[in-house]
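**Q** Residue numbers (the working numbering), protein chains in the order written: chain A, 1 to 93; chain B, 1 to 395.
Note that these hints are calculated values from the structure, not bench results.
There are no misleading hints in this set.
EDC-like mimics (lysine to aspartate or glutamate), calculated; alpha carbons at most 16 Å apart, straight line: (1) B/200 to B/161; (2) A/7 to B/233; (3) A/2 to B/219; (4) A/7 to B/223; (5) A/7 to B/161; (6) A/2 to B/223; (7) B/200 to A/11; (8) B/240 to B/308; (9) B/348 to B/380; (10) A/17 to B/205; (11) B/317 to B/264; (12) B/7 to B/179; (13) B/314 to B/347; (14) A/26 to A/69; (15) B/21 to B/51; (16) B/21 to B/187; (17) B/384 to B/374; (18) B/292 to B/375; (19) A/58 to A/36; (20) B/240 to B/255; (21) A/93 to A/29; (22) B/225 to A/11; (23) B/21 to B/188; (24) B/225 to A/8; (25) A/72 to A/54; (26) B/389 to B/375; (27) A/26 to B/219; (28) B/370 to B/288; (29) B/241 to B/255; (30) B/244 to B/258.
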Amino acid sequence: MKLPGWKELVETGPIIKEAGNATEYKTGDWRTFRPEIDYSKCTTCMFCWLFCPDSAVKFDGNKVYIDYDYCKGCGVCAAECPVKAITMKEEQK
Amino acid sequence: MKVKGRKIAIEGNEAAALALKQVNPDVVAAYPITPSTEVVQKFSEYVANGEVTTEFVPVESEHSAMSACIGASAAGARVATSTASQGLALMWEMLYIASSMRLPIVMTVANRALSAPINIHGDHSDAMGARDAGWIQIFSENVQEIYDNIFQAFRIAEHPDVRLPVMVGYDGFITSHSEEILELLEDEEVKRFIGEYKPKFSLLDINNPITMGPLALFDSYFEFKVAQAYAIENSLPIIKKVGKEFGDLTGRYYDVIEKYYTDDADYIVVAMSSTCGTARVVVDELREKGEKVGLLKIRVFRPFPLEDVVDALKNAKVVGVLDRSMVPGSFAGPLYHEITSGMYHLEKRPVFQPYVYGLGGRDITTEHIKGVFEELKEIEKAGKPKGLKYIGVRE
Ligand code: SF4
Ligand code: SF4
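Only chain A is shown next, with the shape it has when bound in the complex:
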């Protein structure tokens, strides 16, 4: 999503004209650490999916995966995983 310059905002003010576009606002760049799942250990118990405060753990019907567009890197998933399948790795540029 291209962010507007101030001149484009004079006309509207803080108003969003299209509905349902919050998904376009990616908030994952707050992250310092990224969770990574080791699928050889994962039992698909869904704890990480349940506990993620940002609903950034997704389930594709088969396995869990992290949506890095929204994951804030809080580490809750890694702490809750009963088999220690998730490690927090420092985000690289």
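Since chain A is already given, all that's left is putting chain B with the ligands on it; use the hints.
**A** The following block gives chain B with the ligands in isolation, referenced to the frame of chain A:
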């Protein structure tokens, strides 16, 4: 075409209520507070008697009053309210939301001191507390101006290029409770002048759904604030245009400042609101004696009409700036800071002397203002200002 209106004798607050009645806003949400109580009291009487079709929302606090105004305005209604002092202070948080969401709410403020100690009388501390909230601030010298400014406020606020809330101030008890002669506009003229309000965005427009006031973090908040700042700066020419149109209708022309004998004046006093009436008497008297004195009245304080002010003051020798609010910890009041920093870049500029006066309704008399002009002459001889002076304070 200039129309001659009927004349009545009326108090400032009642004139404000009467103007609001003639506007007949869609929604008024208000909580009464001294010295602006009568505005709400009178207006609710109009509502009860069926003289307006306004939806009146009697809330339990000023914070709620402004919240309800914001909600109604976001829904697309023409909205007004009224407050003063602590009430305005209690609205503080919501004032920012109203202006940032670009909602054209009109609010009358009977300017009054802030506690402590408790004081119900007039000064500008409340308005100056709300100074940075992004509202347009217009100050009225007398009862006629309260009435006239309210109609102009709706036009300015609702102008498609402005869409910002407007505060119409007048001095608590001094103007709010004094009875003066008021030249009326007929209801039809008011209707024609303010026109029908067609909001650009409305939450009730179900065919064009919108979200108002969403989250904007470090990646976009700044841009929104700059856009908002641009909108208020940009309202200056519109305020002038509306003031001229109002003049064409009534013969009473309004500009963002009022120059009174400033063109050739060596000594100028700058003030806002009712004090300008007092100063004008002194200027008349001294002019008769051949003294080159003048008065600069600041009618619009936000956006600050810097260019006009610079133009009016640049050739003076000494300027006394009269602030009616207390800024503990600073060396002068807000009006002084605004004017002096705005003129700092000029090579040739007057010497400026800061005054604070009239706190908590303390009288400012013609004698005081004569004293100020005397002092400005002394300052010219000394070549430098004296530091902040309090007018009429016991030592
Ligand atoms: S690190 Fe936090 S935000 Fe990211 S997936 Fe795990 S629990 Fe969710
Ligand atoms: S909590 Fe651990 S084991 Fe359970 S689904 Fe998530 S990664 Fe797999």
